[in-house]
Each structure stands twice: as structure tokens, then as C-alpha cells.
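*Asks:* What follows is each chain in one-letter form.
There are 2 protein chains.
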Amino acid sequence: MHKEDIASSKRNTIQKQPYSLRFPFCRLAPRRFNHEEGAMFSFSMMRTCCAIFALCFVLLGSKSSVLAQTVLPVIPLPATAVQGSGSLLVDHGLQVVFEGHTEPRLERARIRFFDTLYREIGIPGVPASPVKREQLVIKTAGPSAAVQQLGEDESYHLEITATGALLTAPNPLGVLHGLQTILQLVHSTPEGFAVEAMTIDDRPRFPWRGLMIDAGRHFMPLDVIRQNLDGMEAVKMNVFHWHLSEDQGFRIESKTFPLLEEKGSDGLYYTQDQVRGILEYARDRGIRVVPEFDMPGHATSWFVGYPDLASGSGPYQIERHWGVFDPAMDPTRESTYQFLDQFIGEMTALFPDAYFHIGGDECNGKEWDANPRIKQFMQAHHIQDDAALQAYFTGRVQKLVTKRHKITVGWDEVLQPDTPHDVVIQSWRGQDSLAEAARRGYRGILSAGYYVDLNQSAADHYAVDPLVNGTVALSSAQIANVLGGEATMWTEYATPEIVNSRIWPRTAAIAERLWSAQSVKDVNSMYQRLDVLSQKLAYYGLPYQSVREQMLRRLSGYSDPAALQVLASVVQPPRDYAREGLKSYDVFSPLNRLVDTVPPESDKAREFNEVAARIATGKAVSGDWQKTRQWLVLWRDNDAALQPSLVKSSLTAELVPLSRNLSQAATIGLLALDALQNSTPVNAETQKKQLSELKEFEKPEAVLLNRIVPGVEVLVQATRTQ
Amino acid sequence: MHKEDIASSKRNTIQKQPYSLRFPFCRLAPRRFNHEEGAMFSFSMMRTCCAIFALCFVLLGSKSSVLAQTVLPVIPLPATAVQGSGSLLVDHGLQVVFEGHTEPRLERARIRFFDTLYREIGIPGVPASPVKREQLVIKTAGPSAAVQQLGEDESYHLEITATGALLTAPNPLGVLHGLQTILQLVHSTPEGFAVEAMTIDDRPRFPWRGLMIDAGRHFMPLDVIRQNLDGMEAVKMNVFHWHLSEDQGFRIESKTFPLLEEKGSDGLYYTQDQVRGILEYARDRGIRVVPEFDMPGHATSWFVGYPDLASGSGPYQIERHWGVFDPAMDPTRESTYQFLDQFIGEMTALFPDAYFHIGGDECNGKEWDANPRIKQFMQAHHIQDDAALQAYFTGRVQKLVTKRHKITVGWDEVLQPDTPHDVVIQSWRGQDSLAEAARRGYRGILSAGYYVDLNQSAADHYAVDPLVNGTVALSSAQIANVLGGEATMWTEYATPEIVNSRIWPRTAAIAERLWSAQSVKDVNSMYQRLDVLSQKLAYYGLPYQSVREQMLRRLSGYSDPAALQVLASVVQPPRDYAREGLKSYDVFSPLNRLVDTVPPESDKAREFNEVAARIATGKAVSGDWQKTRQWLVLWRDNDAALQPSLVKSSLTAELVPLSRNLSQAATIGLLALDALQNSTPVNAETQKKQLSELKEFEKPEAVLLNRIVPGVEVLVQATRTQ
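Same order as they appear, the protein sequences are chains R and Y.
Take the first sequence: its position 305, counted from the start at 1, is 304 in numbering that gives the first Met the number 0, and no numbers get skipped.
Take the second sequence: its position 94, counted from the start at 1, is 93 in numbering that gives the first Met the number 0, and no numbers get skipped.
Next comes chain R alone, as it looks inside the complex (with noise of 0.2 angstroms):
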């Protein structure tokens, strides 16, 4: 489901969905909540936040009920909210106590919750308080399953007063979603560190709201992995979904054919301990792991140690570029099943989740198509063409996950006319195919639209739900069928050092679009909250923000980065899969340039944008004319400043014209916004020249587009010409 036919799927396709953006309004406070602050996600817009915070809560309208949603900075958003009077101060007189069923847990739990928040608030970890003080009451009335289940009741229910808090909870997993709410929830005040009071009745939408991260292509450390599940939890995604192998890599060892790690890693696999420990880390912060081996494409790193697994005659090497390849196991023979039952027995073994992914994409049947041996059990068994052919294999994989008593889970390719009824299908290709599936009784999980690897922004993502589109339709039972979603990491274009800015904080507007309610979509809100969440996240373990600072470093050598700064907020990756056509990647590639660095989207050129756009439409409000001319004059002076260390480094030789693009395009947009401001005309001849200039500054540079040229086409487009 990741690379091929892109043309004809959806996967590519950013679904739009029609949503009305409700802008929320203030029942204890006069200020108005604007288009304008809503759309600057940038500290001056957390400042806005945090006034509104502190003074109301604001109620949005929604068809089924009228729900009590905050601008607080929670992300997702609880099912009700309803506040309180005064705030509850956090320190180290906050106690937590455990009343009802505890376990292990639970106290675990507490200690990293006060870890987090000490860390969070800046207060020595020295548990013991010298005064008692505010209690946290947490009552657990019973305890979870001994394996955590799909569907499970996540719900819990937290009051906070000016002197303690509640939390209860049916088991233990609404626990750890009520504390990390209570996490997000602490925010700095003149009397110290506090949260607002209120009452919050919380349950997720969704059961199944995953995370996946492709650990084949490149291979993510522990440490990875682990900063991940922190921030799953903080966002309360349960679902790991862990991909462990690929054409480059087998990464997880596997005692029963030791081969595969040792001839398909370069030695970066993950050992079976290392696995438990991921499983007890994951257990611990409420999240299922789901593992996923690819099959019977995608596997070429099978084939290293075992080619007699594969369709072709081999030998094969670990592949090393990225795409589509042509290896694919051996449907044919009885002893791929053989081995495949052996493999399948020791993970499943390993894995105690109630799922199992088999993968199943893009399969693309070269191999078997040149092998006569193939073509002839095909004839001999009826078998029409290759995509029957990958069913019979699916079949027969399917039983023998279902002998380990396991479900199993694959991409869309898996559903075929005969597929069992409990295979899970996880859709890339859309709503429309999960409602296929829904209506013919298989459940499904939407991925499409949730590709975070691709650049798209967090209010694309936002925009995507799984009941839209062919969804609409479906019978209740069936609407039932349609278990959640998962965000999608593949690491073509990500390392270790990359990945997490890649994956956050975009993956918490799907996670909320996962948890929290359908009608919960106003952007400005999320956007708010993402931004709080961003600053937060360090906190939680994901300290990508200052990963990205250092890469900015690196790329500067010994030279001041201000200068690559200021061209770094402005510039932005091309989205979906532009990447693969502008330059040659493969698995030694450096990830090392400002591409890599920059976030997927840049919030200063889309807030220029929308201020550029009040401008054209006579719509400016006070100081846009201003904050526009400003930053229109640094964009156009940095070249200056910035060339002479460009060429001094391998890293950015690159963007010597991508930065002197940027000067020129604010060069016109200042001419334009001189024409606006004075209302002087301007020769039609220019104007056409300048508009013909930029969109020559629309093509990528060095891998990446100059976002500001949009605002400035639209600045030159409202001058008036003669």
C-alpha cells in the first residue's frame, strides 16, 4: 500500500471533508476568538490561548448534542468539559492516593506522572513532601485484561477542585488517559504552576487509534521506539503497530531461523528481550503492540539467509534503494507454509496482542510470473492471475495465524472475494474501501489520509474521518465494523534523528480525530492546542524541536544560523510523493539537509499568506500592513547575509538559489505592497512580468518550496494596473 499506483488510488488524495468551522466565543469573556489569531499557531498565538484559558470555556453546537468543548490545551479533546471555580495548585504537596483495585501499574503509573510533571514544572524528583497537602483520589474499580483488548473501556472521569482532584476510572486504562490529561491540563499562573478547575467525563470515539512506524527501511533505536509510546500515551493512542520487516531489513530476531537477523539486518534488528521490554513499556502506558511482517512482497530481506523462501532463483542481497521490487515469497511451495507456520508460531508467541499483521501490499508478482514452475501449479489449480494468487497465499497464511489463535490484520490487498470474515483490513486506499469491506462484514482501520511521512499539513490530516464518503451509508452494525484508524510512518526520508519531527505533533490532530467527538473540528482550536502540546512534548520525551535546532547547527558549520533560519521558516518540503522525482535516494542517502531539518509545514509563510490575502481583499486589520512590509524586508535582505556561508559547506552549496529566490520574491512583494499602500497603479507589463517570475519561484529548489511566493502572487494580483 506505500508506493505504487499512485495515480489510481486515493492514498495520494487529500480527502477535504465539507466541515463548518465553528468559530468558538467566549460565555465569561468580552474577547472575540478571531480568524486571524487562530490561523498564527506561533507564541503569540499560545499567549491568546492562555488568556482565553484562563478566562471561559466555550460551548460549539454539534448535530447529535451540544457539547462542552475547551479551548484549554488538551489534545484530543475530552467528550465534556465543564468548569470549575478556582485552580488547583501543583507541587510538591500535590499526593496521589489509590483507593479501590491497584496493581503494579497503577503505582508506576504515579511515579512516572509525578516524573513528568516535575520535569514539566522544573521541581526537584525528591518524592516525599515535607507538608500534605492536595490529594489526587484515584479509584480504580477494577483491573484490565491480563493482554490489553481491542475495545476495551477507556473511559474515566476526573473532577478538579481548588483543593484535590478525583479520578475514576473502570480499570486501569482510563487512569493512565485521565493523568495525562491532568499533565496537559498544568500551566504556569502568577500563583505558580495550576490546573483550572473543572469536571471532564471522558471516553474515546474510536478503539483502535494507532501508530505506525516502519522500522525496516530504517531502523529505529529502543530509545525511538520507547519516545514514541510517550507520546502515544500523551495523546491517548493505544495501538503500536510495529513494522518489522522490509525489502531492507529484517529487524527482530528470530531464534527459529536466526538467518533472517543475521544475514537481513546489517546487524540493526531488535532482540527478543528488547521486544518484551517494548511490550511491558507499552502495556504500561495502556497501548497494544501489533507486529507486521510483510508478506509475501516487501520480504526480500527474508530471502538473504533463506531464498529457498522465494519465488525467484536468488541469491539476494539486502535491497538498498527504496520503491517497489520484484522478490516475493513462494505461494507454490508447502514449505514456505511450513516455514511460515514455524515463524509465525515463535512471534505470536512473542506478541501476546490479540492481532497479527501479515501486510500483503504491493505485491508485484514479477517473480512469479517468470517462474514456469508457478505458472504451472497456477493452471494446475485454477488460479486466474497473481492477485488470486496472493489470495491463496493469503488464505493460507490467514490459517495459520489462526491456528496460533490470532486475528489477523493486512492492507487492503488482503480482502478478496473468499477472505475470512475476522481478517481486519487496514485501508490505504480510503473511506470508500473500508466501507466496502465494512459492508461486507469485515472491520477495517483507515490509514489513508494518515500518512504522516508525507509532508501534508496537521489540518489535512484533521480533515480526514473514517465515517465520511463511502462510510455515510453504512447501517449501523456496519458503521460498528469501522474500528479506527492508524497514522502511518514510512521512513524513506527519515532517520532516527528525523523521525519524531516527522511523526509530531501532526500525529496528535489524527489522534484526537481518532478519540474525541466527530463534530470536534475547528482547526484554530486544534492548531492552538498543538501548539501547546508541541511545547510540551519535550516534557513527555520527544525533544524534536531542539533536534531541529541542532540540525540547523550542523548545516551552519561554525557559522551564526540566524541567517538559515530565517530561510528555514519560510520553506517547506513538497508534499505526498514530489520527493522521489526531484533527486536520487537510497538507503545510504544523508538525511542531513535543510529538507530534512525544516518541519512539513511552515507556519510563518502560511500566517504571511493569510495576512497577504486581508490585504488583496481590502480586509486588513491593524498592523498587517506593517508586520508585512517588515517581514517582506528581512526575506528580501537575508540573501545578503546568508550567501557567503552557503558555499562553505557541502551541506548547503544547495540553496544558493532557493535563497536568492526568496530575496527576489519579497523584492516584488515589496514593489506590490508600495502599489497597494499608495494606491498607485502599476504598468500592466510589470505585473505580468513579476507573476511570470513567480511562479518560476513555485518550482522546488533544492528539494524544497519557497512558501511565501502564494502571498506574493496574490499581493501582486490585487495591484491595480494601467
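Careful: at least some of the hints might be erroneous.
Unchecked claim - Covered, in the sense of this in silico footprint (three residues per stretch, anywhere, with C-beta under 8 angstroms from a C-beta of chain Y), are these stretches of chain R:
#1 488 to 501
#2 582 to 588
#3 644 to 657
Stated by the list, open to error - Heads up, incomplete: computed chain R residues facing chain Y, CB under 7 angstroms, no partners named:
#4 91
#5 95
#6 121
#7 123
#8 125
#9 187
#10 189
#11 190
#12 191
#13 265
#14 534
#15 537
#16 545
#17 549
#18 552
#19 556
Unchecked claim - Now the in silico label distances, taken between C-beta atoms and shown as ranges:
#20 190(R) to 584(Y): 16 to 22 angstroms
#21 617(R) to 584(Y): 57 to 63 angstroms
#22 584(Y) to 261(R): 54 to 60 angstroms
#23 110(Y) to 386(R): 43 to 49 angstroms
#24 225(R) to 138(Y): 21 to 27 angstroms
#25 99(R) to 314(Y): 32 to 38 angstroms
#26 279(R) to 99(Y): 42 to 48 angstroms
It is worth saying that the hints were derived from the structure and are not from the lab.
All C-beta atoms in this analysis are idealised placements derived from N, C-alpha and C, irrespective of residue type, glycine included.
Using the hints provided, position chain Y relative to the given structure of chain R.
*Replies:* Okay, now just chain Y, sitting in the frame of chain R:
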């Protein structure tokens, strides 16, 4: 040695050694390295540094020999370095080949070398290369000692050419050091990352180059310990001195006396398994680990579980305040020595190093004086005073250490008339006491002047040499008794969050003092190389710069941190023990204020003060006037931007007057600058009033010093009065 007797001891006095500042000159390039550049250790300095690095090596004379010293970014500076021609490109092509002696530690060093290198240059960690190319050949003559010994040969020889490199060493210790030199030499060029061709012969000046971390007052998690071992490896330090017990906490598991950690640690202690992990981690990095158990004073935490050890009547609680406290072990009961015999037996079995530190500092004797039984014992045994009683105790404990075949280390106080001659004295009093010990045949290590917790400048620490003052009169045999020194990090004012930014990068200046030749003392060169190292330390595992940025964001809450950053850039915590007098702190005090965030020295203020001095003395160089005016305008106007946000958080409200003072000082500075630039006389009364205002601004606010005041004073004083 830590807290008392401030007036009478030298530990507070920075010993300014007379040393001649030798300005390096370039052999190959016409460019002069001038004082102004040397003082700016900003990014612009790094550009300078890089330019020089690319162009030339620099020769500095020394008394004993002409050493080839470079301003290439290596700290500590190697003993000799001779430039070759061309440079070695460093990328996936680089291979490491071992010849001669091999052992698993070397293989781990190779993996670590590549991990660090790949992080540093930002390439994927795929160890296999598609193309074999450059080789780094490592020839190791033989093994080092099974347990690392004081004085082992740590030398190495490194030859780098444009086509490969050769690293030879008598044993793995030199290999470890040589690999760090290579990593530090890597820098960005137009052709890619590279190392200049050169030949280096290197060995340390002193055999004991240590860092002490106090894990007693604030517990320091394993991560922090490992990060500092990484930092120590980078700068070739070889002794980690682990201060494991204090009044405020007993930090290690004892299987013999489990109440030590159970009652004395708040649950914050290292298990013996964890300690063994650290020992291996340290050995892998060529670092010995010397544990310290402080006795008979600084031991309150022992007595919570074992009150019979103490001289008072108990019961005892973990101490929550900072200072010197009365509780002390009872030196008069045999049960004390029976306990210590078992305890030392257990700990010497755990820690393999030949040295064992028993503390011995700051026992005030009050519990002894108050106990009639102890007074009686003293009379009966003709023990004159508390010092003599402590000497008796030390003598007994030293025998217990000797019985376990270990050598005792203690602070200055353990040196008494009949101290056995194998005891090593760690001096917090200075070179004179070190000299006295050496003359009497005791070996010693210097810590006076290396207290990195005291907010002194890197230049201050750098100026402290173990072999000056009292030590200069020593014979060469006596000089051999001076083993080296230790940077010491006491942690009253350092949580795990802060501690790395207190230790680094200044400890690297101490590491150079202890490794490089005595003649290496160009402060400008040190600061340049320190600046380069600061950038690299993030790759070496010490991300303290980003932690600082994160702390600034916490201080700013949801406000833009830019204005706070401006204030932060010109203020400094007060030096030495001044902080204690300004505010009351204890174990629970949050260390999350601006004073905890800013570095111990303000680079920006130092730069300003130097420029102001040039202007005042008529020696301004190009750009000085303009730069000074820009800075002063920024500082003057910053208050208006900053004030509104300061009061929003309890963390920043205290900064209101400091920010205002900065603005007012800058305003005065601008008036003076105008007068100087226009040669206008100023009213004498006005000048007097301004100087008296500035005097006020010199006083700490919010436990911080406004460090632009000295420069402004210099400007005002330079104006002509009428």
C-alpha cells in the same frame, strides 16, 4: 571541604596565575588573530576559527620546547600536531580496521565511534558501505590492565592523510583518546565532512584527570551519569569520582545494610546492578570510577536507618537543608568500625578501582563535644581535640580500606601528623596544601579552583594550574606526587535538568589544563575551541544547550521567549557562595528560575564590556560604535516588550526590577555613547548621579547580576565633564 570556613580557606579564591597571553600567528596566512576576535566566542568567532583552521597551524613558544599548537578545534590540545597536506573525507566510505591486539572493548569503541560520527555528520547508521574506500587502521600493541590503573600509558599516535588514517597506541586507552581526537577534528567543508591531514603525537601531562559529581544532595539519574561519562571521554578525562553519600541522601544499595538506602534515600539510589553497568560504561571509555563515602561528617542519611552509628542520641531524619550539620559517626565505639569494616568490604568488592574515597571534610565536632561518653574516651586516650579525634577515626578507617587492598583518598582534612603515606589528599584548599602534602611524601590531586558549581568563568578555571604557588618549590620527585586534579560539581543548586549545563562546557577547560602542556594557556584559543566543542557535545550525548532553551520556554509560559532571551543573554548568577545569602534554598526548592537557566558566564556581556573598554580608551575598531549602539538600544527597549509577560507567571515576576534595571543602564549607556561620539562634555553632577545609579544596578536582583553594568560604567567614566 565544601561549605564552611569560607573566609579562611582558599577554596573561594580564584588563583589568577600570571601567564603571558601569546597571540598565535599564522604560518601560512596573512590573517592576524587579534584580541577582538579572540574575545568573541560567538558564532562569528567560530567562523573566524574555522577560517584559521582551514588555513594554518600556529606555533606558540614555551619555556621548555617549541610546541606545535593549533587553533584547530580540539580540546584538550594535543602535545604535538604537524599539518599534512589535503584532507580526509569522512562519510560512509570510512572503514575501521584493527591490527595487533584486539578485545571486545575496542570493537565497542568502533561501533560507538561510528554512532557518534554518523550523528555528528547526519548520515544513516547503516554500517555496511556499498563502496570500500578510506581506511582508518588502528594498531594496538597490547592490552591495558584488567582494572584500569593510575598512570597507565594513555598515549597515541595519529597520522591522517588524504587517503586514510593510522592510529597507533600501546594499549586500548590511547586508541580511545585518539578516536575522540578524530571526532573533534571532523568539520564541514565545501566537499563534505572532512578531517585535515596531520600527524599528532599525544599524551597527558597528569595521570589523574577527574570529574566529581555529587549525587548525594540531588540524586543524579543514570542517564546523567552516562552523559557525563560521554563528555569526559570526549575531553580525555579518566577518573569519575562518584560522591555517593551525603546528609541529604544515601545513594547506593547496600546488601549488607539495606536500611542505608531504604531509609536514607527517598527511594532515589543506584542498585548494585546499575552501578556495575556504570562501571562497564566507564571502563569502555577509559575512565576509572572512584566511589566516595563521606565520613565521619556529611553522613546524616546513614543514621536514619542506623542511628547507633552516630554520636548523638537520634532519631535522625534525612537532612532537607543545605549546609554543614552536626551529626557525625561515633569514632569511639568499636561497633562503628565493625559496621564500616563490613560496609567497606562490600563496597570495595563492588568497585574494582584501587582507590577508595572516604571524604573526611567538614565535620564540625558538635555531636562529639555534646556526648560525655565521647569526651571521656578522648580523655582516656589522650586525644586533645576534635581534629585529633577525627585523625584517630581516619586512621582506623584507613586500616579497614588497606585491609581490602585499596588506597584511601580523602579531602584535605585527612592529612594529619601520622596519616599513612599511601593516603591520597584531594585538596580543596589550594596548591599550598597540595605542596605541603607533596613535600611530606603524600600524593595529591587539586580541586581548589575547579569547583564548577561556583559559576566562575572557564577562563578562571583554566588559569588554575596544579603546579604553581606552593608547588613551584618542589623537587621533581615531589612534583611527581601531584597526580592531577578534579573538577567538582556539588549539587545544592543543580537538579538533573541543570547539572550538565553547570558542568559543561567549562569542565573541558579544566580537562585541557590537566592534559595539555603547562605552556598551553592562550585563553582566546581555549574559548574558541570550547565553543566548537559546545556545539559538538550535543552529538556526544550532552544536549544541555537545548535543555536551556526548553527552560526558557517554560519560564515564558505561552509568551514569546524572545524578549526573555535578550534579558537572559546579559545576566549571570553571582559567583562563589553569594547565592546562599540572597535567598533561602533547601532540598525541595524548585530550580526553575532564570538564575538556574542562564549559563555561569554571559558571553554577550563580556563582548560588550570589551568593546566598551575599547571605545572608552580610544581604541575602537571598525564596527564597535555601531554595534554598541545597537546593543544598547535593544537592551533599552527590551523592558517594554518583556514586562507584560513577566507578571503572568510566578517564575518570572521576580524579574520585573532586573529587566527595568537593564533598560535604565542601557539608557545611561546611550547617553554616554552620544557624548563620546560627539565629544560633548557632560554635566559633572549628571555623571555622578549616573554612576551612583549604576552602582545600584550592580547589586543582584532575582539572584542575578546585570553584567552590562561594568561596560556602561566604563563608558560613563570616559565622558568628559564640564
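*Asks:* All the hints need checking, so say for each whether the structure fits it.
*Replies:* For each hint, the structure was consulted:
no.: 1; hint: 488 to 501; verdict: holds (count 3)
no.: 2; hint: 582 to 588; verdict: holds (count 3)
no.: 3; hint: 644 to 657; verdict: holds (count 7)
no.: 4; hint: 91; verdict: holds (5 angstroms)
no.: 5; hint: 95; verdict: violated (14 angstroms)
no.: 6; hint: 121; verdict: holds (3 angstroms)
no.: 7; hint: 123; verdict: holds (5 angstroms)
no.: 8; hint: 125; verdict: holds (6 angstroms)
no.: 9; hint: 187; verdict: holds (4 angstroms)
no.: 10; hint: 189; verdict: holds (6 angstroms)
no.: 11; hint: 190; verdict: holds (6 angstroms)
no.: 12; hint: 191; verdict: holds (5 angstroms)
no.: 13; hint: 265; verdict: holds (5 angstroms)
no.: 14; hint: 534; verdict: holds (6 angstroms)
no.: 15; hint: 537; verdict: holds (5 angstroms)
no.: 16; hint: 545; verdict: holds (3 angstroms)
no.: 17; hint: 549; verdict: holds (5 angstroms)
no.: 18; hint: 552; verdict: holds (6 angstroms)
no.: 19; hint: 556; verdict: holds (4 angstroms)
no.: 20; hint: 190(R) to 584(Y): 16 to 22 angstroms; verdict: holds (20 angstroms)
no.: 21; hint: 617(R) to 584(Y): 57 to 63 angstroms; verdict: holds (58 angstroms)
no.: 22; hint: 584(Y) to 261(R): 54 to 60 angstroms; verdict: holds (55 angstroms)
no.: 23; hint: 110(Y) to 386(R): 43 to 49 angstroms; verdict: holds (45 angstroms)
no.: 24; hint: 225(R) to 138(Y): 21 to 27 angstroms; verdict: violated (39 angstroms)
no.: 25; hint: 99(R) to 314(Y): 32 to 38 angstroms; verdict: holds (35 angstroms)
no.: 26; hint: 279(R) to 99(Y): 42 to 48 angstroms; verdict: holds (43 angstroms)
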